[in-house]
Structures are given as structure tokens and as C-alpha cells.
Amino acid sequence: MPLIWLIVIVLAIAVAGYVLGRSRVMAATGGDSRKLHSLPSYYGYNVALKVVLPSFFLLLVWLLVQPVIVNGTVAADIPQSAIPEGSSRDLIMSEVRRTAEGLDNAVAQGIMTEDFATNARSDLNDVTQRLKDAGQIVTAQVTQPILQAAQRYRIMNDTGNLILSLLVILVAAAGAAWSLREMRPEFRARNVVERVVKGVLVAAASVAILTTLGIVLSLVFNTIEFFRLYPAGDFFFGTAWSPSFTGRGGSSELGVLPLLWGTFYISIVALLVAVPVGLFAAIYLSEYASPRVRSFAKPMLEVLAGIPTIVYGLFALLTVGPLLVAVFGKDGLGWMQAGTAVMTAGLVMGVMLIPFVSSLSDDIINAVPQAMRDGSYGLGATKSETIRQVVLPAALPGIVGAILLAASRAIGETMIVVLGAGAAARLSLNPFEAMTTVTAKIVSQLTGDADFASPEALVAFALGMTLFVITLGLNIFALYIVRKYREQYE
Amino acid sequence: MTDVTPNAGGNRAGNSLATQDARTKRRNRAEARFKAYGLTAILVGIFFLVVLAVSIIRSGSPAFTRTVVDVEFALSQAQINEAEEQLFKTAAYAAFFTDALKRQIDESGMEVAVDEDAIERIIGKPGSTIREFFQANPDRIGTPVTFELAASSRVDGYFNGRVTRESMQDSRFLMAGDLDLVDALAEAGVIRSSINWTFITGADSGVDNPGAAGIGASVVGSFFMMLVVLVLSLPIGVAASIYLEEFAPRNRFTDLIEVNISNLAAVPSIVFGILGLAIFIQFAHLPQSAPLVGGLVLTLMTLPTIIISTRASLRAVPPSIRDAALGVGASKMQSVFHHVLPLAMPGILTGTIIGLAQALGETAPLLLIGMVGFVARGYPDGIVSGFMDPNSAMPAQIYTWAARADASFYEKAWGGIIVLLVFLLTMNIIAIILRRRFERRW
Numbered sequence: 001m002p003l004i005w006l007i008v009i010v011l012a013i014a015v016a017g018y019v020l021g022r023s024r025v026m027a028a029t030g031g032d033s034r035k036l037h038s039l040p041s042y043y044g045y046n047v048a049l050k051v052v053l054p055s056f057f058l059l060l061v062w063l064l065v066q067p068v069i070v071n072g073t074v075a076a077d078i079p080q081s082a083i084p085e086g087s088s089r090d091l092i093m094s095e096v097r098r099t100a101e102g103l104d105n106a107v108a109q110g111i112m113t114e115d116f117a118t119n120a121r122s123d124l125n126d127v128t129q130r131l132k133d134a135g136q137i138v139t140a141q142v143t144q145p146i147l148q149a150a151q152r153y154r155i156m157n158d159t160g161n162l163i164l165s166l167l168v169i170l171v172a173a174a175g176a177a178w179s180l181r182e183m184r185p186e187f188r189a190r191n192v193v194e195r196v197v198k199g200v201l202v203a204a205a206s207v208a209i210l211t212t213l214g215i216v217l218s219l220v221f222n223t224i225e226f227f228r229l230y231p232a233g234d235f236f237f238g239t240a241w242s243p244s245f246t247g248r249g250g251s252s253e254l255g256v257l258p259l260l261w262g263t264f265y266i267s268i269v270a271l272l273v274a275v276p277v278g279l280f281a282a283i284y285l286s287e288y289a290s291p292r293v294r295s296f297a298k299p300m301l302e303v304l305a306g307i308p309t310i311v312y313g314l315f316a317l318l319t320v321g322p323l324l325v326a327v328f329g330k331d332g333l334g335w336m337q338a339g340t341a342v343m344t345a346g347l348v349m350g351v352m353l354i355p356f357v358s359s360l361s362d363d364i365i366n367a368v369p370q371a372m373r374d375g376s377y378g379l380g381a382t383k384s385e386t387i388r389q390v391v392l393p394a395a396l397p398g399i400v401g402a403i404l405l406a407a408s409r410a411i412g413e414t415m416i417v418v419l420g421a422g423a424a425a426r427l428s429l430n431p432f433e434a435m436t437t438v439t440a441k442i443v444s445q446l447t448g449d450a451d452f453a454s455p456e457a458l459v460a461f462a463l464g465m466t467l468f469v470i471t472l473g474l475n476i477f478a479l480y481i482v483r484k485y486r487e488q489y490e
Numbered sequence: 001m002t003d004v005t006p007n008a009g010g011n012r013a014g015n016s017l018a019t020q021d022a023r024t025k026r027r028n029r030a031e032a033r034f035k036a037y038g039l040t041a042i043l044v045g046i047f048f049l050v051v052l053a054v055s056i057i058r059s060g061s062p063a064f065t066r067t068v069v070d071v072e073f074a075l076s077q078a079q080i081n082e083a084e085e086q087l088f089k090t091a092a093y094a095a096f097f098t099d100a101l102k103r104q105i106d107e108s109g110m111e112v113a114v115d116e117d118a119i120e121r122i123i124g125k126p127g128s129t130i131r132e133f134f135q136a137n138p139d140r141i142g143t144p145v146t147f148e149l150a151a152s153s154r155v156d157g158y159f160n161g162r163v164t165r166e167s168m169q170d171s172r173f174l175m176a177g178d179l180d181l182v183d184a185l186a187e188a189g190v191i192r193s194s195i196n197w198t199f200i201t202g203a204d205s206g207v208d209n210p211g212a213a214g215i216g217a218s219v220v221g222s223f224f225m226m227l228v229v230l231v232l233s234l235p236i237g238v239a240a241s242i243y244l245e246e247f248a249p250r251n252r253f254t255d256l257i258e259v260n261i262s263n264l265a266a267v268p269s270i271v272f273g274i275l276g277l278a279i280f281i282q283f284a285h286l287p288q289s290a291p292l293v294g295g296l297v298l299t300l301m302t303l304p305t306i307i308i309s310t311r312a313s314l315r316a317v318p319p320s321i322r323d324a325a326l327g328v329g330a331s332k333m334q335s336v337f338h339h340v341l342p343l344a345m346p347g348i349l350t351g352t353i354i355g356l357a358q359a360l361g362e363t364a365p366l367l368l369i370g371m372v373g374f375v376a377r378g379y380p381d382g383i384v385s386g387f388m389d390p391n392s393a394m395p396a397q398i399y400t401w402a403a404r405a406d407a408s409f410y411e412k413a414w415g416g417i418i419v420l421l422v423f424l425l426t427m428n429i430i431a432i433i434l435r436r437r438f439e440r441r442w
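Protein chains in written order, with our numbering: chain A, 1 to 490; chain B, 1 to 442.
So here's chain A without its partners, still in its complex pose (with noise of 0.2 Å):
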């Protein structure tokens, strides 16, 4: 049965319910809904709730655990025979499952009986050629271990799809009939009900905690693998960056000190233009522009940070790395070879970054107490002087903040070097060269056709750590100072 069917019937046994429940209780106190304890909707989303609730946490539950089962199962029961030199367990798998889709495939088109696709004793070529007639993409020939654990496959995956949709009617019945068995006039039908909306609440409130583990244990367990097949010296302290292409040749050198040097230069060239544009137009806003300038400019600055990241990439790429050659190229000063250079990703990165640098300062400027500047003025400094030396000083930690949220902005940017800094490891001091960086090199390490369990797909998740690490440091560190900060004047 179709998942949908499923949660269809299940929100109709719950609307069912609802109405249900409501009827009943105004009959008990016959239609006079004073001598209820709570609200009659009450009741009724009483049923509803306990209808729903468990029968989709089983269902969820299920469909998480129940292809894990499968593919154990399955997997271990793949003779050791049958995995040929240079595969692995996992790939075997993968090829289990796409014969079984499409398995499903031709019989849902009818190029296959189900008792064909189920009997054991198929004739192989048969198999394959009729799944190449379902539109399947079979490699070569369907070996007969493959076979028979695809056929497995389907067979436990058929059986217990059956079993939960059958189970989740159940649980949805009884949570039916339990609660509408407690549709007394007297029963606290609102107090129960929100009682578990607020668990709703909570639930939906620990999904940031949940995300944060999925992110630290997706990294955590795949830089533990490629750790295992890589030496985590090698990583950290490695200074040359060559992965092999061939998927799995030892040759590889995945050291991460040219991919932090290019992140790092990039982030110093962005700030460098960042910084002093983005201060400086927020110390304009907020002490000199008037309320029309403001209104006009404020807003003007902040349609750059509403870009998305793919727009500068393609900025860079395009128009400012050919612009920066004809400066700086052949015909220029002969300091750049190619468009896409350190200068010409932390330039544009610069500019995306303007607009948060000075909203973040503008607020923190903000806040100094005006008691402060009129002090100032009382004493006779004149404006700029004042900001010098009175609002710089005391926005100082909060502005620190400000660039170091930028400085793990530049960190962890990804399209803009990706298609402004060039694709070379370096470790070079020349800002017109190419370099990459640890974003650049997540992407093209993952999109590559790299297996996943070779070193060189690894490499990215402990690239992944890494930037997780660094910028959630510069995050926590920054938000310490800003915090800080703001306490001091309120």
C-alpha cells in the first residue's frame, strides 16, 4: 500500500474521531455543553490526537529502522564468494537494491509476473533482459547471488511494508476506541490536550538540538573512517594537496594546509575590503545621514546581503576576474595568469559581506548611550572626534564581534570560491594566483564519482570538520563578546 493511502486513512480515522468523540460527549450531557468540564472541540481533538500521534511516531520509527534491518540482513547473507576482487560489501548492495527497483519497475509495467520476479529459478538472461525492458539500468549480466538477495530483498521489504500499514491502522483504531471509551462529561479533555500540544512544542523545539547532532555525528563517524584509512597526521599536517582520481590508489596526498591557507587568505582579502567599507557606511548611518539618506541607503546596502551566494560566484567568475586580468594580466602589469584568482574571489566575498558588517555595527553604534556622545560634545569635540574616541572605544568588542560573524561568514562561503578562486592547491603568498579552499574542495571531492568509502570522498567530511570546528570556535567566541558587550549598557 502507497505510504499515502496510509497517512490518508490514518487523518480519516482521526477526523472520524474528532466528530465522534464531540457527538458523544454532547449527547452524555444531553447537548448542554455547561455541564462539560472543558470546550466540546476539546474532546474531540482528544480522539484526534491520540489517533495520530502514535500511529505516526510508529510509522516514522518504522520507516527509519525498517531499511536498515532489511539491508543488514541481506547484506549478511551475500556468500563471501560472490563479492568479487576490488568491490566491497556496499556496492554489492547498491546493486542488490537497483535490481530490485527494478524488479518492482517491470512488474508495475507488466513486463514481469509477480511470480516471476519472486521465483528463485528465473533464467538470469531472461531477468536482465527484461529489466533493460523495464527502463532499468542493469550494468552487465544479473548474477545469480544478486538475483536471489535482490529477490530477498523485496520479498522482506513487501512483507514488512504490509506489516506496518496493517499495524499503524491497528495502533490508529485503538488510540480511537481507548479515548473515546474516556469521553466522560467530567473528563479533563483541555488539560489532556494540551498537555500534549506542549510536547508538540517541545518536540519542535528539540529539532535544533537533533539537527546539531546530526551534523556533529554524520562528520564525527565519517572522519573516524577516513581517518582509519588515512593517517590523521598526514591530514593535518600534510603540506601538499593531490588526490588520484582512480578512486582507490594509495597515491593520494590529502593535506589540509594548502586548503586553510587559500580559505584563510581569501577570508583576509574579503575582510580587507569588508571591514573599513562595511564601518565606515554603518558609522554613516548612524551618526551623520539623515533619516531620508537612511531610509534610502540602509535598505540599498542590505539587497546585497539578499543576493543569493551563486550570483557573486558568477560576478567573480565572469565579470570581475576578467576585469582584474586586464589589469593585472598579460596586458597589464603581468601579475595574473587566469581570471579566477585569491584577489578575485576575496574581493567579491568582500562586497557580499559589506552589508553584514555594517547592519551588525550599526546596531552595536546604536547602543552606545547617547549620554555618552553628549557628553563628548559638551567638552567641545567635534563629531568625528567623538566617534574616535568615545563610541569607537565603547562599541569596540561588540564591532570585534561583527567582523569575527564575518570572518566565519568568509570561512565557510562556498559558491563565490568556488567559482572565483580556482580548483589548484597552493601555498603561495601572490594574491593573484589561484588557490582553493576546504568549501571548494568539500564540493568536488563529493560530486565527483569517487566511491564512497575511498579516502578521497572521506577527505571531505574531515574537511567538513574542520570548517564545523573553526567557525563554530569564531561563532561562540563572537556571540560570547557581543553578549558581553550588550550587558555592559543595559
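Simulated from the structure, these hints should not be mistaken for laboratory data. Misleading hints may appear alongside valid ones.
Sample of chain B residues at the chain A side, in silico, Cβ under 10 Å [claimed, not checked]: (1) L264; (2) S331; (3) L424.
Reference listing, derived: stretches of chain A covered by chain B, where coverage requires no fewer than 3 residues with Cβ under 8 Å from a Cβ of chain B [unchecked claim]: (4) 187-198; (5) 276-283; (6) 294-306; (7) 350-361; (8) 382-394; (9) 461-474.
DSSO-like cross-link-like pairs, simulated, lysine-lysine; straight-line CA separation at most 30 Å [unchecked claim]: (10) A:K298 x B:K35; (11) B:K332 x A:K35; (12) A:K198 x B:K332; (13) B:K25 x A:K383; (14) A:K484 x A:K298; (15) A:K198 x A:K35; (16) B:K25 x B:K35; (17) B:K35 x A:K383.
The C-beta atom is built at its ideal place from N, Cα and C for all residues, glycine as well.
Chain A is fixed; fit chain B onto it per the hints.
Just chain B now, kept in the frame of chain A:
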């Protein structure tokens, strides 16, 4: 105590308010300079915005037009029979076409050297298009038919300024001499620009066929993704915000949630891509490149943004509203759901739309879960297939085009950006209107 000290400044020459001394002048100059720095900074920001806008519009607008060649001619049944008997049928049809074009040129009295190779370089080989047309419409045989044929991508580039006479090098695709013919044809109205509907409604083409590339399929992919994001992030975000703002006790657990939300808001988007790859695809075996998975990843990414803005709008509802509701006997839950939430709704919706706009422009996580441009080969067959079948999204499609070697795709990428920005602009305008219309100051 408040004796006015007589101004004993007699030792400073020219101590008058009317004339500035050197020091005051210097200070005033510093003041003016400082102000100028600020103004410059603003202007620099706006300058970049203008440059960005101009380069997007200038490079992107050609993607919405294409160059077509109008040729009118009739084919008799005898000619078709003759062509069908030959070995290279489409070549025979192309020959009819070339003859017709030549005749058209002669009739218009143009004095330009025409040869078949030049025509082929300009229009390509239209034989199969013509043959298919007459096979599909046998009743049109013998009557004059106007064919609107797409010109080759180089000619297209010449028309919209990507290829110029100076920059062009002779190749088997286009010779400098052909441009004379193109100019003459353009003057006669045979070659003209028309709106490129393929770009707006089409799907991604192969690497070698930039003319047929379109963004339609990935717009649909983005649409299904945004549907997932909206359906998941709005209720979860609102529920989480209500809990944190109205019910959460001050304890460790609440602090943990708060810290997590503020940190997730600053985690690089690519890390969410890694999460999606590891959890949704490797662990939960959801289909790769599916808009459903893209939507899930973007939901997790936008949740912090939505929670932060929703909490702000809940906080903006004055406590007197809550107190009044509680005073007439509502429960805490009723006061929140019946009074606070409806009043905060415009603010919540504004925040959600802005969060969605952010998610719509996000690229990096989508690349990791396989939603790259070249999987967007066509429209999904239905609603389920819209969520589950491999598709791309607008920004990922733009990235794929930008990463291709053929420069004709760059134009498509800029054009795609215009489409993307139109969507983003619409969403932001809706958000602004919502805020203007319903915002209430207490």
C-alpha cells in the same frame, strides 16, 4: 561658585569665533574628511550594487531572445517523392531549403555572395525539421509554408553582441565573410530576433547544445523543494518559537536549545549539505537528487532564521493582550493560540517568506546531495515524481551552466540569474507589502 571667569585668552592671537585658528581649521578638515569617508563607503556599496545589476541585465537579457531565420517555400509531392528516394533524405530536403532561401535573396535584390556552405554555417542542417514537418502535416504539401528556423549559436552571439567581427576567428562554425550575408539577411528581415521560449520552459540540454538549454525544469524542482520547506519549516518553526517564547522554563534544556539555534544560524550552508548526504541519503536511503531531500536539508538550514524572526514577532505582542485573555478565564495555551499567535502572524509570515527566499537562492548543499543541473532533463510526471525523481533547482542549474566550458552557457547562466532574482524580488515584495499592510505598532 558660578563666577564667570574672565576670558584670559589674551595670549592667543586672533581668538575670535569669527575667524578660525589653524587648529580649528585642521579639526574641521578632519571632520569633513571623516564624513567623506563614510559617504564614500556608502557610495562604494551602492556602486557595487549598480555594477552587479548592470552586468546581470546586460549579460543575461540575450538569453531570453534567440535568432531565427524566416524562410517561406512550398514543396510539391513530386519533390518529396524525389527526396525520399535518395540515400541522404535530410540532405535533399536541406537542398530544397537552400534553393528557396537563395531565391528569396535574389528576389529581394540583395547583392551578396551566397554559397551553400555559408547557409549551412548560419542555419545548420534544417533538413530533418522540414521533413518531420511535412510528414506530420501532409495536407500542407504544395502550399507555401513559412519556416522559423533557429540560427546557429555563433550567429546568435553576433546578434546580441557576444561575437563581434573583431573578436571572431574564422572557423568551421562561422567565417567572417558569412557576417556580410547575415547583415544583408537581417536588413531584409529574413533573420530576426524572437523571444526564446525554450529558455523559459525548457530543461537542461547536453554540454554541446547551449541553444536548447532552458531553466523551466529546474524552476519546477525549486518549486517542489520550496513546498517541502514551507510545509515543514513554518509549523516546526512556529511551534518551537511558541515554546521558547511562551512556555519554556529557565533551565538547562532551554539554554541548550537556545545555544543550538544561535549556532545553527551561523553554521556554513555546505555543512548542512554534508548532513543531508550522510543522514538522508547514506543512512535513510532517500533517493539521491530528489527535491524532497533538498527540501529537508533547506528546512533544517532555514529553521533557525524562521525561529529567530518568529520569536521577535511574538515578543512584539504586548503582555497586556496575554493578561487580558488570562483575565477572562482563558488557559495559557488558549491565550497564545487564540490571541497572541494571530496578532503575530503577519510578522511570522514576513519572516518565513524571507527565510524561504534565502533557501531558494542556496546552492552549495544542493550540489552535495546530487541536485546538479544536468539531472534536470525534463518535467516530472506528477506530484509524487515531482518530489522523488531527480531534478535540479535554479541556483544549481545556474552553477552547472557557469561551470561548463562553452561560453554560450554563460549567457544562459546570467539569464537564469535574472529568473532567480525575479522570484526573489517577488517574494521580498510580498513580504514588504505584508509588513506594511498588517504591521501594528503597540
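Status of each hint after checking the structure:
no.: 1; hint: L264; result: holds (6 Å)
no.: 2; hint: S331; result: holds (6 Å)
no.: 3; hint: L424; result: holds (7 Å)
no.: 4; hint: 187-198; result: holds (count 4)
no.: 5; hint: 276-283; result: holds (count 7)
no.: 6; hint: 294-306; result: holds (count 6)
no.: 7; hint: 350-361; result: holds (count 4)
no.: 8; hint: 382-394; result: holds (count 6)
no.: 9; hint: 461-474; result: holds (count 6)
no.: 10; hint: A:K298 x B:K35; result: holds (17 Å)
no.: 11; hint: B:K332 x A:K35; result: holds (22 Å)
no.: 12; hint: A:K198 x B:K332; result: holds (11 Å)
no.: 13; hint: B:K25 x A:K383; result: holds (14 Å)
no.: 14; hint: A:K484 x A:K298; result: holds (27 Å)
no.: 15; hint: A:K198 x A:K35; result: holds (26 Å)
no.: 16; hint: B:K25 x B:K35; result: holds (15 Å)
no.: 17; hint: B:K35 x A:K383; result: holds (9 Å)
Hint compliance for this structure: every hint is met.
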